[in-house]
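Following the hints, complete the assembly by docking chain B onto the known chain A.
Number of protein chains: 2
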Amino acid sequence: MKKNLLKLKLKQIFLKHKLSKKHAEICSNYLIKAEILEAKGHGLARLKMYCDRIKAKVINPKPEIKIKKISSSASYIDADNSIGFISADIGIKQAIKNAKKTGIGLVAIKKSGHYGLSSFYAEQAVNNKLMVFCFTNAPAALAPHGAKKSLFGTNPICFGAPTGKAPFIYDASTSIINRGTIRRAERLGLKIPYGVALNKKGKITTNAKEALKGTQLPIAGFKGSGLAWMVDILSGVFTGSSHGGKTKDPFDDFSGPQNMGHLFITINPKIFIGNKFVKEMQKNIKIVKKLPKAKGFTNILYPGERKNKTYKKNLNKDISISPKILKEMEKLNA
Amino acid sequence: MKKNLLKLKLKQIFLKHKLSKKHAEICSNYLIKAEILEAKGHGLARLKMYCDRIKAKVINPKPEIKIKKISSSASYIDADNSIGFISADIGIKQAIKNAKKTGIGLVAIKKSGHYGLSSFYAEQAVNNKLMVFCFTNAPAALAPHGAKKSLFGTNPICFGAPTGKAPFIYDASTSIINRGTIRRAERLGLKIPYGVALNKKGKITTNAKEALKGTQLPIAGFKGSGLAWMVDILSGVFTGSSHGGKTKDPFDDFSGPQNMGHLFITINPKIFIGNKFVKEMQKNIKIVKKLPKAKGFTNILYPGERKNKTYKKNLNKDISISPKILKEMEKLNA
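Which chain is which? The protein sequence lines are A and B, in order.
Quick note, the first sequence lines up with residues 1 to 334 if you use the working numbering.
Quick note, the second sequence lines up with residues 1 to 334 if you use the working numbering.
Pulled out of the complex, with its shape left as it was, chain A reads as follows (with noise of 0.2 Å):
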């Protein structure tokens, strides 16, 4: 489908479920990122929660999303659960703000909702040229090293940096593989790899079902766990926020809001070193890119490279929707 065709359905999908208008160009925004971006799992496959759950009245599509300011640098946003998208992007829009005018800028939401993807937020600061921290806490889905239930969520950790080309944008899950591989998995009746998943019992399974009803593993054992409890600390906890495998899962719960937290931490990288931040970057990445390679590979990349070619690739391209998902928009949009 031709993008602004796309936008257009959305935006009038989201207007049907009372959205404002700004607010409903805000999510199809990020929606049809994230399809550039083939982060499927992050775009159209979520539209119909989205409106399930403002019918069901989890989600506030009229929300009044509060501002509170802490002092120049630190502001607080109660989103008054709305779409994670839409407090997210006030959100980052303030953490840039104050990082201009003080060199550090730290903006914790409450009561918001899932926001896609960290890097929707971190590239925005990098492209105002500074430095960032994305944190957000998802719904339980690891287990604590130790345990064998899930309680952390995928908890990504998310890194930006400009670089004067495409940003240095690190973003990835605590989890050795992503939810939506073994969803997948399960669908085409493919083993997962071992080692990444329990079942009920917490025995390791390979089977992509029973993953899913069991937990995912961390990376690296009590490196991994230790790190999802950093995100949910900085995110759940420091936020005011669901923590402790609270949030909600927005497929599946729907007996009140998701509550969920997020933390950006922008810092403005030439307060130390001025304009030589950049041109150290570039070298840095220059000096890595040219070590002997391992076997299979051809080229090194930094992390958002390949992220950012697959977006300049798909950008003007149509948008292809599978036929289960375009019967969905026409019912939402009926």
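Some hints could be false.
No copy labels: a pair is met if it fits in one copy or bridges any two.
[Stated by the list, open to error] The list that follows gives simulated cross-link-like pairs (lysine-lysine, BS3-like), each with its CA atoms no further than 30 Å apart:
#: 1; residue 1: K68; residue 2: K97
#: 2; residue 1: K201; residue 2: K290
#: 3; residue 1: K201; residue 2: K283
#: 4; residue 1: K100; residue 2: K270
#: 5; residue 1: K62; residue 2: K148
#: 6; residue 1: K283; residue 2: K69
#: 7; residue 1: K283; residue 2: K68
FYI, nobody ran anything at the bench for these hints, they're computed from the structure.
Using the frame of chain A, we list chain B on its own:
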């Protein structure tokens, strides 16, 4: 050896090597702290190296450490090639001061050296009721994902938060196993696990000697590699220090100062939710500890908990010193 006696001897040695009384005291305290924590690779085993580097004029025993105020939150420290302990001790105290004043502190240190464990500094911030990140670079030991040669250091990520009890302190390298573990395997003639290191030719090796000449691998492939790269940017590029594999090995490379960089970010955890922070942290930890345990586990520990127990267990014990190091100390004190 009794701790008092050991401290006296260490101070004598540092004074003989031209450190001021104050700096000799700081360095002795951190070395003893490493021993109490059973982190022997950061303790007395490094004493001779520090002294050798002073003699070789690649550590400055009388550094003029300058603190430049960038803003109320940010400070930039030129360590003047001090022993890392000294500048990091000044740096974390400044970061604590800044966060107490403004809610957030950011301290970059350049021209520094090996500073022991990141948790030394994180703990001080947490004891001052702050959250904290500590980043430091290190000599090349890890191959970036896709390369077969070392470039990143073992680049630890360190995060701390107050709990009202033992501090939550995550402090782990981005390598699969510690370099010390490989060194021990070499000494004892043991094999190292498959998949943690490459030999000089870029092939996986389980031979410790070959691994030390080759390169270690990061945790979780591109994920750990990206995290190590992030630490290189934060502690190296951003602080105006060595990066991209240029940090000199303190034991092997006397061609110049290490020019290591450190970055401390301190945050008042109460700025958004006030006194509820510690209560919620305790709830969070309680929930995790109550989870059903995986096979082989009777307890789930949070990051920092084990280290805290070790510290308490050893605090009133004498410190055992190997004959080799005792001899080194005698010579250095001669």
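Status of each hint after checking the structure:
no.	hint	verdict
1	K68 <-> K97	both (14 Å within a copy, 24 Å between copies)
2	K201 <-> K290	between (47 Å within a copy, 16 Å between copies)
3	K201 <-> K283	between (50 Å within a copy, 26 Å between copies)
4	K100 <-> K270	both (11 Å within a copy, 24 Å between copies)
5	K62 <-> K148	neither (40 Å within a copy, 53 Å between copies)
6	K283 <-> K69	between (38 Å within a copy, 28 Å between copies)
7	K283 <-> K68	between (40 Å within a copy, 26 Å between copies)
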